[in-house]
Amino acid sequence: MALPNFQVHQPKTVEEVLDLLGRHRSSVKLLCGGTDLLIKMRSGAQAPEHLVSLNRVAGLKTISYAAGDGLVIGGAARISQVGKNPDVQRLYPGLAHACSVMATVQIRNMGTVAGNLVNAAPSADTAAPLLAYGASLVAVERGGRRQIKLTDFFTGPGLTVLEPGEMVEAIRVPDPPPRTGSCYLRLSARSKVDIAAVGVAGFINLDLSGKVIRCRLALGSVAPTPVRCPEAEAMLEGQDPGPELIARAAAACVRTSRPIDDLRATASYRRAMVQELAQRVLTQSLAMARGGGS
Amino acid sequence: MKTPSIIGQSIPRLDGPAKVTGRALYTNDLSLPGMLYGKLLRSPLAHAKITRIDVSRAKALPGVKDVITGADIPQVKYGNWRLVPQSQDEMALAVDKVRFVGDEVAAVCAIDADTAQRALELIEVEYEELPVILSVEEATAEGAALVHDESEGNVSLVRKIDYGDLEAMFAKADYIREDTFKVHPVQHAYMEPCSCLAASEEGDRVSLWTSTQTPYIVQCLLASTLGLPENNVRVMKVQVGGGFGGKMELRPWEFCASFMSLRTGRPVKFTLTRADELAFGRRRHAMSIYSKVGFSKDGKLLAKDFQVMLDGGAYNAMGPTATFLCGTFGNMLYNYPAYRYFGRHVYTNKPPASAMRGFGAPQAAFAAETQMNMVAEELGIDPIDLRLMNAMQTGDVIPDVATISSCGFKESLEKVRQISGWDEKRGNPKPGKGLGIGCFSFISGGVFNWFNTKYNFSAAEVKVFEDGTAQLATMACDIGQGPDTVLRQILAAELGIPIDKIRLISMDTATTPKADLGTWGSRVTLMNGNAIIEAAGKIKDMLRPVLFSELDLNQIHDVAFEDERVFVRANPKKGMGFAECVYKALRGREGEPLTARGYYTPRNKGLVSPAFSFGAQVAEVEVDTGTGLIRVEKMYTAHDCGVPINKMSVEGQLEGAIQMGLGYALMENLIMDDKGRTLNTTFLDYKMPTAEDMPPGESADVITYEPEGPYGAKEAGEGLAIPTAPAITHAVHQATGYRCMETPITPEKVLRALGKIK
Ligand SMILES: Cc1cc2nc3c(=O)[nH]c(=O)nc-3n(C[C@H](O)[C@H](O)[C@H](O)COP(=O)(O)OP(=O)(O)OC[C@H]3O[C@@H](n4cnc5c(N)ncnc54)[C@H](O)[C@@H]3O)c2cc1C
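Chains A and B supply the protein sequences, listed in that same order.
When we follow my numbering, the leftmost residue of the first sequence carries the number 1, and every step to the right adds one.
When we follow my numbering, the leftmost residue of the second sequence carries the number 1, and every step to the right adds one.
Chain A extracted, bound-state conformation (with noise of 0.2 Å):
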């Protein structure tokens, strides 16, 4: 089916971007790369009449890091982007995995962080990774700004809870202390190409006498939204971890998990999954912080 007929808003201001979404509101989107939104106005899920797209818009790209005040990822920056930003790579090796493994090359390219976020599909990777990390959304509206933690975005699949005038200006992710480990492992029946089946983030940080100051684990396409971990979280935090406890956190984590039955996998694939991917993770970013960090 084609397309139906739609008008393309091409601003250069975030101010104009919010009087646009204020004059069309019953009937408007946000457009970053489309790898999303699209798809649904192709196969007549969604048909706004009026898209506002943020591709134009002055700023908006810019990823940039400072010590101290941590990770800014502009809300229109492109997946690709992200993944081969030297910062990224280097204090949030989880986020610049997702960001150079997930989708295709050519969905990287457009795709953006952002979009990936508010399109809120239970697999989306970046999410994962960037509740590990304890990101929160920088949110406007014509009325002001306001700051999101990740951990509340989600609401259910497809669902969250920014407002229909509300954009996501950019995306915040704290400087990660020294002795930190963070990892996301994901899991498809294809090498690449492929929505993941599983996804499972972590970050621990680590006193000078080797426990665990904090902790965070995350995990995608095994509920309704990503999901952080509290109660492994909890387990670990104060500890010095082995091999036992690593096994037994993990089991919370497949606790924390709803999966279903789909396409992609069973559920019961699923849950040995997140035991066996949570595993990895916390073996992985416990070596990693015990090293001296990231």
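Simulated from the structure, these hints should not be mistaken for lab results.
Relax, there's no trap hidden among the hints.
Lysine-lysine pairs mimicking DSS-like chemistry, simulated, CA-CA at most 25 Å apart:
{"id": "1", "chain 1": "B", "residue 1": "Lys-430", "chain 2": "B", "residue 2": "Lys-634"}
{"id": "2", "chain 1": "B", "residue 1": "Lys-19", "chain 2": "B", "residue 2": "Lys-647"}
{"id": "3", "chain 1": "B", "residue 1": "Lys-501", "chain 2": "B", "residue 2": "Lys-573"}
{"id": "4", "chain 1": "A", "residue 1": "Lys-192", "chain 2": "B", "residue 2": "Lys-433"}
{"id": "5", "chain 1": "A", "residue 1": "Lys-40", "chain 2": "A", "residue 2": "Lys-192"}
{"id": "6", "chain 1": "B", "residue 1": "Lys-574", "chain 2": "B", "residue 2": "Lys-540"}
{"id": "7", "chain 1": "B", "residue 1": "Lys-749", "chain 2": "A", "residue 2": "Lys-192"}
{"id": "8", "chain 1": "A", "residue 1": "Lys-192", "chain 2": "B", "residue 2": "Lys-634"}
{"id": "9", "chain 1": "B", "residue 1": "Lys-514", "chain 2": "B", "residue 2": "Lys-454"}
Which chain A residues stay away from chain B? Per the calculated CB distances, all over 12 Å, these:
{"id": "10", "residue": "Glu-15"}
{"id": "11", "residue": "Pro-48"}
{"id": "12", "residue": "Pro-86"}
{"id": "13", "residue": "Arg-90"}
{"id": "14", "residue": "Glu-141"}
{"id": "15", "residue": "Gln-147"}
{"id": "16", "residue": "Thr-151"}
{"id": "17", "residue": "Gly-210"}
{"id": "18", "residue": "Ala-223"}
{"id": "19", "residue": "Pro-230"}
FRET-style restraints, in silico, Cβ to Cβ:
{"id": "20", "chain 1": "B", "residue 1": "Asp-112", "chain 2": "A", "residue 2": "Arg-25", "range": "26 to 34 Å"}
{"id": "21", "chain 1": "B", "residue 1": "Asp-112", "chain 2": "A", "residue 2": "Ile-39", "range": "18 to 26 Å"}
{"id": "22", "chain 1": "A", "residue 1": "Val-161", "chain 2": "B", "residue 2": "Asp-674", "range": "31 to 39 Å"}
{"id": "23", "chain 1": "B", "residue 1": "Asp-15", "chain 2": "A", "residue 2": "Ile-39", "range": "31 to 39 Å"}
{"id": "24", "chain 1": "A", "residue 1": "Gln-147", "chain 2": "B", "residue 2": "Glu-633", "range": "46 to 54 Å"}
{"id": "25", "chain 1": "A", "residue 1": "Lys-192", "chain 2": "B", "residue 2": "Glu-424", "range": "25 to 33 Å"}
{"id": "26", "chain 1": "A", "residue 1": "Thr-151", "chain 2": "B", "residue 2": "Ser-10", "range": "56 to 64 Å"}
{"id": "27", "chain 1": "B", "residue 1": "Leu-61", "chain 2": "A", "residue 2": "Ile-39", "range": "25 to 33 Å"}
{"id": "28", "chain 1": "B", "residue 1": "Leu-61", "chain 2": "A", "residue 2": "Gln-46", "range": "20 to 28 Å"}
{"id": "29", "chain 1": "B", "residue 1": "Lys-647", "chain 2": "A", "residue 2": "Ile-39", "range": "41 to 49 Å"}
{"id": "30", "chain 1": "A", "residue 1": "Thr-151", "chain 2": "B", "residue 2": "Leu-61", "range": "49 to 57 Å"}
{"id": "31", "chain 1": "B", "residue 1": "Lys-19", "chain 2": "A", "residue 2": "Arg-25", "range": "47 to 55 Å"}
{"id": "32", "chain 1": "A", "residue 1": "Thr-104", "chain 2": "B", "residue 2": "Leu-30", "range": "25 to 33 Å"}
{"id": "33", "chain 1": "A", "residue 1": "Pro-243", "chain 2": "B", "residue 2": "Lys-297", "range": "46 to 54 Å"}
Note that the coordinates shown come from a computational prediction; the quantities given were computed from them, not determined experimentally.
C-beta atoms are modelled at their ideal positions from N, C-alpha and C, and glycine is treated no differently.
We have chain A; now place chain B with the ligand onto it with these hints.
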């Protein structure tokens, strides 16, 4: 006579540059003035009576030019097995009932695609649901609902093979095993979705451009279903983006485009989407296979009882041939003193299965080769040694089927053992790693005339001109596999002129000589190659006398055609240019051009094929025993395709075959819900291996000379698609202990076998 140097050369595809630069035209690229856009309304139900269809609202929609249903079309059934009319079970549009989700119910054409789509939505159809049958087991159970009322218990065709004294041989056997296997359906996934464009002409004639691998079959069946003389239908093709067996029948859109073009007087085009193809398109047969084998304790094969049920889906399509060939492939590689085959083609309420690269062989060989590996293990004999003990050789006879006129199977086994480091690696297994073997044999074209053609199976017309060029006209179909290049290579070799001096007129049923049965069964190189050699021979017969009379040669001399010259072989200085020779030959013919035709039809070549390819393949895998993920690290292949005419083309076939075999073994699967609806209708979820999944490979050609083949060549197209899945299965078994008896091999099945998932 020495083989001309162009034979065996890796000449790149002549159509390659146009294809990689996007200049090549495919059917959907064509358009004609006033063209209408066709669309099909398909059944949402797998099995139902049609109680009412109302097309009046669709017809009334502005821009809609025609709407047709099963009631509007000639009530003529079609199917490729014209020799057995009761096997012809299909109509372009459903009459009275629908038999699978996607069965075509109505067709519309309109001034643009959106209008056609809206018209479809205005057609009202009422159905009365019938019981849905989704497996061969359900279909053959007592009292099962019938997909076709005429069938007996949903079995549409039975094939039996029986030779040797089976009971006596099993009684003699020291070792007997019985196994059951299940293989799943996969799809051709050709790059180009089906498309056709029909244009009616004066006098009830119609021209059809279509993405097909069998133009002649389409022409004949289209004529019979339209109720027109065969000669009123002209079928042509432009480039075809792959077929693999999925485009070798008359299809509903070809009929509907032609029928509506005749009715409206305007050209009509249909183009399918990928989702249409995955959800409703032809596919490789799923099968349930029972196999019982008997061996002596020292490894001599004595007997095999092979029973197969093919899940044919809603119509026969090419299922009857697959049913025959499955039995033939069940015993092709080894000498069986006694063999019995019982094959049943079973109707179910699924999209019809049909021919797909290997045509029954990948399934039969998956079972046969896997079982061979199990036997080797139990008898404590190396799997390659066990095969060598029983392997076919040149001169061996498959009872009632063929005498093998060339066979490099044993050499292939020895060679693959060597290049894969088999003895070393297999003997020293490492955790998570494995090596496995699978073998194949395949036909070089079929002998059996199920289409019941009155014409030759292949034909070629050669013309030569005084400028030293030639023209080859043939109905042979290049669908991406390369005959447009390879056939010209053969003619260039025959006439001794460069390949770029040959113009090709291909595949137009009105202007190329009759007939060609099409591109399937790996027949084109051998059969059309032979036709070209015959035609070229006749041309040379016309040219040779020029040399004799001009040079006053003694009649004992042999004349050679090489390097654009015609000369005395014993004294190459004596001769003349090819162009000059043609020029002189044309003198005295009173304006009659130099044209000759050649034909090939296999005669006295048994029941199956004039020639057989052979080969062996080893897969090396690594399995992550934590996740069950399998990585194929390397593939080793040694195969006998006779004399390769174009080495690069053979390598291309091998690489493509490994990609397909990999998908078959590990990833690809058509997943269906309990209502018969296909769930994975995109390439995201129908998982074909990507370039990054491709393992490196190493291969060796085992060269035999096939006396029946052009320059000793035989097939290299389909056979190679057979061994990969059993080889990977065997390797995964060594790596993990998991033996796949029900394809595909998935990470989850591996982990279940390892006890890691309950
Ligand atoms: C072939 C293919 C493979 C894919 N593989 C993967 C994969 O492996 N992993 C994966 O996670 N995803 C995958 N995707 C999905 C998709 O590419 C990603 O989700 C991508 O990140 C979406 O970004 P985009 O810029 O294209 O979003 P768009 O399609 O432009 O937008 C998506 C949604 O977000 C909204 N939006 C976009 N930007 C903003 C903003 N700044 N503020 C507020 N709302 C906004 C839009 O209005 C829209 O609703 C795949 C897609 C395809 C087509």
